Structure formats: structure tokens, C-alpha cells
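Colleague: What follows is each chain in one-letter form.
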Amino acid sequence: MASAAVLAAVGLLGACGGESAPSGAKASGGPVYGGTLTYLEHQAPTCLYLPAAGFYPNGGVLNQLTDKLTWQNPKTLEIEPWIATSWEVNADATEYTFHLREGVTFSDGSPLDASAVAANFDVYGLGDPDLKLPPAEFVNNYDRSQVVDPRTVKFFFKQPSPGFLQGTSVVGAGLVAKSTISRPYEEQCQLKNIVGSGPFTVARQVVDKEIDLAVRKDYDWAPASSAHQGRAYLDAVKMIVTPEDNVRVGALTSGQADYVRYVQAYDEETVKNAGFTVYAEPTRGVNNGLYLRPANSILSDVKVRRALQAGTDAKEVVDTLFTPGYPVATSVLSHLAQGYVDLSGKLAYDPDRANALLEEAGWARGAGGVRRKDGRELTLGVFVSGPQPLSKQTLELVAQQWAKIGVKLEIRPADAGTQAVDIKNAEKTAIAHSMVGRADQDVIKSHFHTKNRDVILSDDPKLDRLLEQESAAADRTARNAKVAEIQRYVVDQGYAIPLFEEPQVYGAAPYVRGVTFEAVARPVFYSVWLSDQTGR
Amino acid sequence: MTRYLLLRTGQAVLVLWAAFTVSYVLLQILPGDSILIKFQNPELGLSPAQIAEIRAYYGDDAPAITGYLHTMLGFLRGGFGYSVDTGTPVVERLAEALPETAGLATAGFTLAVLIAVLIAFAASHTRLDWVRGALLAVPSLCVSIPAFWLGILLIQVFSFRLKLVPVIGGDGVQQLILPVLTLAIPISAPIAQVLARSLDQVQSQPFVPVVAAKGASRRWILWRHVARNALPPTLTIAGLTFGELIAGSVVTETVFGRNGVGRLTEQAVNAQDTPVMLAVVVLATAVFVLVNLVVDLLFPVLNPRLKAKVGAAA
Numbered sequence: 001m002a003s004a005a006v007l008a009a010v011g012l013l014g015a016c017g018g019e020s021a022p023s024g025a026k027a028s029g030g031p032v033y034g035g036t037l038t039y040l041e042h043q044a045p046t047c048l049y050l051p052a053a054g055f056y057p058n059g060g061v062l063n064q065l066t067d068k069l070t071w072q073n074p075k076t077l078e079i080e081p082w083i084a085t086s087w088e089v090n091a092d093a094t095e096y097t098f099h100l101r102e103g104v105t106f107s108d109g110s111p112l113d114a115s116a117v118a119a120n121f122d123v124y125g126l127g128d129p130d131l132k133l134p135p136a137e138f139v140n141n142y143d144r145s146q147v148v149d150p151r152t153v154k155f156f157f158k159q160p161s162p163g164f165l166q167g168t169s170v171v172g173a174g175l176v177a178k179s180t181i182s183r184p185y186e187e188q189c190q191l192k193n194i195v196g197s198g199p200f201t202v203a204r205q206v207v208d209k210e211i212d213l214a215v216r217k218d219y220d221w222a223p224a225s226s227a228h229q230g231r232a233y234l235d236a237v238k239m240i241v242t243p244e245d246n247v248r249v250g251a252l253t254s255g256q257a258d259y260v261r262y263v264q265a266y267d268e269e270t271v272k273n274a275g276f277t278v279y280a281e282p283t284r285g286v287n288n289g290l291y292l293r294p295a296n297s298i299l300s301d302v303k304v305r306r307a308l309q310a311g312t313d314a315k316e317v318v319d320t321l322f323t324p325g326y327p328v329a330t331s332v333l334s335h336l337a338q339g340y341v342d343l344s345g346k347l348a349y350d351p352d353r354a355n356a357l358l359e360e361a362g363w364a365r366g367a368g369g370v371r372r373k374d375g376r377e378l379t380l381g382v383f384v385s386g387p388q389p390l391s392k393q394t395l396e397l398v399a400q401q402w403a404k405i406g407v408k409l410e411i412r413p414a415d416a417g418t419q420a421v422d423i424k425n426a427e428k429t430a431i432a433h434s435m436v437g438r439a440d441q442d443v444i445k446s447h448f449h450t451k452n453r454d455v456i457l458s459d460d461p462k463l464d465r466l467l468e469q470e471s472a473a474a475d476r477t478a479r480n481a482k483v484a485e486i487q488r489y490v491v492d493q494g495y496a497i498p499l500f501e502e503p504q505v506y507g508a509a510p511y512v513r514g515v516t517f518e519a520v521a522r523p524v525f526y527s528v529w530l531s532d533q534t535g536r
Numbered sequence: 537m538t539r540y541l542l543l544r545t546g547q548a549v550l551v552l553w554a555a556f557t558v559s560y561v562l563l564q565i566l567p568g569d570s571i572l573i574k575f576q577n578p579e580l581g582l583s584p585a586q587i588a589e590i591r592a593y594y595g596d597d598a599p600a601i602t603g604y605l606h607t608m609l610g611f612l613r614g615g616f617g618y619s620v621d622t623g624t625p626v627v628e629r630l631a632e633a634l635p636e637t638a639g640l641a642t643a644g645f646t647l648a649v650l651i652a653v654l655i656a657f658a659a660s661h662t663r664l665d666w667v668r669g670a671l672l673a674v675p676s677l678c679v680s681i682p683a684f685w686l687g688i689l690l691i692q693v694f695s696f697r698l699k700l701v702p703v704i705g706g707d708g709v710q711q712l713i714l715p716v717l718t719l720a721i722p723i724s725a726p727i728a729q730v731l732a733r734s735l736d737q738v739q740s741q742p743f744v745p746v747v748a749a750k751g752a753s754r755r756w757i758l759w760r761h762v763a764r765n766a767l768p769p770t771l772t773i774a775g776l777t778f779g780e781l782i783a784g785s786v787v788t789e790t791v792f793g794r795n796g797v798g799r800l801t802e803q804a805v806n807a808q809d810t811p812v813m814l815a816v817v818v819l820a821t822a823v824f825v826l827v828n829l830v831v832d833l834l835f836p837v838l839n840p841r842l843k844a845k846v847g848a849a850a
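Here the protein sequences come in this chain order: A and B.
Position 26, counted from 1, in the first sequence is what the working numbering calls 26; the numbers after and before it change by one each time, with no gaps.
Count along the second sequence from 1, add 536, and you get the number used in the working numbering.
Simulated from the structure, these hints should not be mistaken for lab results.
Do not rely on the hints blindly, as some may be mistaken.
Sample of chain B residues facing chain A (criterion: CB under 7 angstroms; computed from the structure) [said to hold, decoys possible]:
1) L566
2) Q576
3) G603
4) G623
5) I688
6) P702
7) N795
Nothing here was measured: the structure is a model prediction, and the numbers come from that model.
Yeah, the Cβ is synthetic: ideal placement off N, Cα and C, and Gly gets one too.
Between the sequences and the hints, there should be enough to build the whole structure, so can you do that?
Modeller: Below you can see the structure in the form of C-alpha cells.
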């Protein structure tokens, strides 16, 4: 019993403290303070309004500048204390009370107290029409806040909101000073206006090129379970936007940079061979896959959707284009997601079944091998998805697989203008290539619900109802059971063709130690330190 | 002369206005708009009604002609509106990006001219036919190198292998060396070709043997007579390469991660950030028109015969 407790504690410490030394690095003494980390980003951050922090470059910056009420342990996915030292949730998850840590300040000197927290979540929960602030995706059913005393804040919900506790730990729930949250949208988009309580502050910014972070020396409120406390080890972080893959990886292996995001699958070998570490961090959400839209006149037939599912070989996609860091999908959700069920049996590659289903649905082989029905060709449109790794290549390979069963996939380039217009049109864009990462059961609702991302442009009220039941089930077991039911339903209905579990892939020099990530693979620089063995 | 000056300036203004109008109309016709692209982001989960509200807030629901006049007035007053993507005034973005690109373009152009002059004069001066052939082959080689590939190659060799110049970090000058080379090499090609050809043409004219018979040295002839006469066509082509300079800087700035006008354009196009795109088009046209105006006005100064013609016309 006692040893189990010790083990658990050690597990916790190891999980979030930071000394998870990368393999290959020699253990040479303890962490040292000081130094500047040069971190290369693939894309420039866009609008930094916190609920829009899901875009990885945005989250990569905001994670270092802001703290959250709670910390989600990336190993256990448990919610642990951070700015809130403890909390109570009522039985039906409609009232949350958080008790806040004392002495926490924002970098402008203002206190991080109950009224600041309430001001943040009122915006994240409801938005603010006057300031043009849209509400955040991670808060469901929000009603209002109540400041009980300077260190206690209470939130009320119109309906059960069991996902809220995890919602307080996500990057978009970063806490900002009142001076930030009271600004209009455009101003909250700009980095210079973001005032947080995090371990780093912004020292300098060259828009679209570089962000220099400086350590906050008085920082003393890391998550309780973190082995490292006090100020961050690093003195500074230089985040430099380096869009060209070649240059980013070359700069890392030639010693001009220490740590880079977005190592392409075909560059992983180069990085490893140079003696550097590749981190393929799971994003624990809805898998990278093709999402089929039932509102499309061809895809309205469930047989066609199931045929496409059976005619897609996800394993071939992974084996041809990716690396072991990209596990083949076995369900709509990642195997590390909450409520995951293994549906690999239903998702097996079976071209014979695909052909049979299409024949049954009345699509007969025409000239050139493409199936036809009532004079119409079986052609489906899809956009190349900018944020997904090797999206174009993936779609091209799938198009080859589908050609074998007589289906033509029309791949369109990721032009933002046309895409913005056509992506919401099921007739023009029959299929969406996407994924979403969030380590909570609600991630599946984010992806499929008509009021959220709605990737399949659902016309299925049953799916919406299931998703609402999931997001309002107070009991964890009941929620997981609902999530399992939804996964089965989505696969049975042929709404999804899961391809692989999408990781975020980073590369770092061996002397970069204490590399940690939050639950959906955004980097946390708080416990990173540079060992001096390189004689830097 | 004054009339020539006024005429050319008037033409320049007309071209600018036309560029503004055409780009404005084209940007209006394009599918989608920056507000839609930005706020339809699934992470924000906004309803079409909310997006319509935001569009009204940005004044995007006004009729096209009102928008056109409003934007043109803004441009005349030097206000280019706000970037929808980042919320910052376009003037601010341009003020940040312009010096980066101006430095890169000026250095790139100067180096390109230097390379061109070097190649053309060396080819023209040499008596060895094979050296001449080899030198004259260089421009066509240079012009067929894609800037993108050249940039990567230079980085791989000089920065990553030989570790001579850093691409990441490094001071202002260090950060310029490789991009300037990347830009200059392809641009030097057309200038070198035209200069070499004009040198040849002028050299074959009857006055050259006359001057030689008077006892002038080869070098004297080349510099005092031939070069001077070969300059005008070269100047024209050099002015025209400014366009390539702008296009080349988009690629170069992306490869090298420099936040100049080129990068700004690329990002604005991606996000269909109309105010930024419009400002960039007008700015690029202005530079282009200005450079060509200067070239045209320089002609009479360089060539007295042209001056006489202009004078006669006036």
C-alpha cells in the first residue's frame, strides 16, 4: 500500500517535473540555470486571443506566458492543482468552486485573484459581443461566475458540464490580466497586449519573425506536482519563425538552433542520425482521417460511405508516408484518448467488400474504371488540409486506393479563399481531411456536433443527441460509455475513415534537457535546461 | 522638356490608379474574404449570423462602389486600413517590412549589376574565344536557376556544411549575405546578356575602327565610346528587372525567414488579407513606375541625340 503511494508520487513527479531526460543524453549532474534556448517554429503565430490558441504556433507562445487554473498530467490525464489549489464540483456538475493560490501575480503586477479568474471565464464561457470576443469551444453550458471572496470563485452552468474541469487546464483557458481580457478582439490578437502570470514574459517581438521571451525571476507557482519549482531554468527563449523545412532541420543539426517544431516524417531519420532526439508527442484526440459528409448527394447513401471506409488502407498510408511515430488509427479517437474503444475489426481494409457495397448501391463500373450511376460519375471533392502533415501526399495515396474500387477523388489545393467558401458546402466538398487534439471526452463533440466544428456538416439529429448526452453526463464511467457508443455509431454510419493518430513531432539537441509537453503535445519550456556538456 | 516630364509623370500616375482599381476589383471578385477565412476557423465555432455581425463591424457589408471610393480616399491620405489577419494597421506592417526588403533589394540589385558588368566586360575584353563563350554562357545558366533551389543550396553549403554564415541569429550583415546572393544571381543574368550584346553591337559600328585608327587603345575605346553607347538598353532592362526583384524577394524571404514585403505578401495571400494585398500591389506598382520614370528621364541625359529629339518634339 505504502509502496504503491510512493510509486504513484514518483510517477507524478516524473510525469510533469521535467527530468524525463531524452534517450541518448548522458546524465551529467542536475539541472543548471541560465542560457538561451533557440526554438524554431514552422509557422508564425496568428491572432493570440486565448480561445484561438489551438493553432500550435499560438499555443507554443501562450503556454509560456500564461498559467491555468488546473494542470492536466499528460501521463495520467488526471486534473491536478495549479493556480487553483483545490476545487469542489456538485453532483450534477453544474456548480464548480475553485480555491485559488495566494500571492500569484500577473506580469504587470496585478493580482491573479477570484475577480480576475471570473472576468476571464465570463468571456471564455459567453464571449463579449461589444468587444467582438467569440466564446471558447472548451466551455459548454456556461451560465455565470460568482466571486465568493478574493481567493474563491464559483461557476454556474445551465446544464451539467462535466468537461469543464478539464477545460480549465487547456491552453485556451490561460489566465490573463484584466487589462488584457477587457480589450477588444483585435487588441487581444496582438502579443504585446497579452499579460499573463506565466514563467516567461515577452521581451521583444518582430511580427512574423521572432519572439524573444525572458524569464520571470519572481515566478513561484508551478503546478504542485512539478518537481521543479520557482523560476524557469532558462534565462530566455528565442522563438524564430523558419517556414522552410530544410532550413529548420538543417539549422538544428548544424547547431544553429536547439529545438524545432514540425519535423516532417521524411526528416526524422536525418535528425536521429545526427545524434539528435525526435519527440513524436501524441495529441490524444480525434484521429487524422477523412470525414464523409452525409449531406452530399453521393455520400447520402450509407453503403457508399461504408464502401469508402472498406476501400481505404490506412496501414499503407502510414507505411508509405509516415514513421512509427504515427500509429495506424484503430478508432475515431486516439488509443490514448479518454473513452477510446478498439474498432480495428470494423476498419479493416477489404476492397472486395467495398466493390460489393458499391455494386449494391447501384454504382456500376463505367469507362476508364470510374463507377457511374444515372449518368453521373462517382467523383468526390476534398481540399488539401494545410495544418495536417503531408495532407496532399496522403490524399493522393488514398485517391490511388479508391481508384481501384472505381471512385475518383478530386484533390483541390489548400487555397484559403476557395476553401473558406466551399468547405461548408457538402456538394462541393464531400470529404474533409482533419483532426483535433484535446485530452477530454468532449473532443469528439468538438469535432462532430453541428454547433461546434461540425466537420461532417452533420444532418443527423441522433449524432447530435448522443454528443450532447456525452457532454452532459456527470459520471465518468457513463461518459466513457457514451464516448464508446459515439465512436461505434460514427464508424458504423461511415462518417469517418480514421487514418492515423497524429503526433506533433519535435527535434531537439541532446543537451536540451527536461523537455516537457502538455497533454496535447504543445511544448512547455518551464523545466527545460541546457546541460553544459557541449561547451556552449 | 517640361512637357515631356509632365507627360511621363502623368502617365505614371495613371498607371498607379489603374493598378489600384484593377487590383481592387480583382480582390472583390475572388471567392471568400479575409473575414470569412478568419472567423470561419472551426476553433472559434461561430455561427453564420455572428460572422455577418463581425462583417458589418468591419464595414465589409457596404456596396462595392462605396468601399472603392472609401479605400481610394484612404490611400490618397496615406491610410491603408487594418490588416484583418493581425489587427494591426497596414501602414505599420509595411513600415516594418519595407526597410528589410529595401535593404535586400538594393544590395541584391547592386550585386547583380556588378556581376553583370563583370561578365559582360570580361567577355568583351578577352581575345580568347573559348573564354568569351564560357563567360557568355554564364547568364543563361544563372537565369535558369530557380531562386528557391539556389537559396536552399547556398544555405546547405555555406551555412550548414562550411559554417561560414549563420542563417539563424547572426547580425544584420550576416543575415544579408546569402539572401543577397540568392537574389542577385538570377537577376544579373538578363542584365549581363543585354549588356554583352550591346557592347558587341556598338563595337561592330563603323566609328570604332575610325577611333582605333586615330590611335585610341582598346581599353580607351571600350570605356569612352562603346560602354557609353551600350548603356541605354542595359538601363532599360535593369529597370525592368525590378519586377523580378520583387518576385524574387517573395521566394528569398520565405526561404530565409525574413519578414519583408515578400513574406508579408505571401502571408496576406494565404489569409486573403485584402487590405494588405491591395497596399502591397499599389506599393509595388509605385516602385516599378518610379524606377521606369527615372530610367526614361535619364535617357536624354545619357544620350545627347535623344535630348535633341525630345527638344525638337517639345
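Colleague: Against this structure, judge whether each hint is valid.
Modeller: Status of each hint after checking the structure:
no.: 1; hint: L566; result: holds, 5 angstroms
no.: 2; hint: Q576; result: holds, 6 angstroms
no.: 3; hint: G603; result: violated, 18 angstroms
no.: 4; hint: G623; result: holds, 3 angstroms
no.: 5; hint: I688; result: holds, 5 angstroms
no.: 6; hint: P702; result: holds, 5 angstroms
no.: 7; hint: N795; result: holds, 4 angstroms
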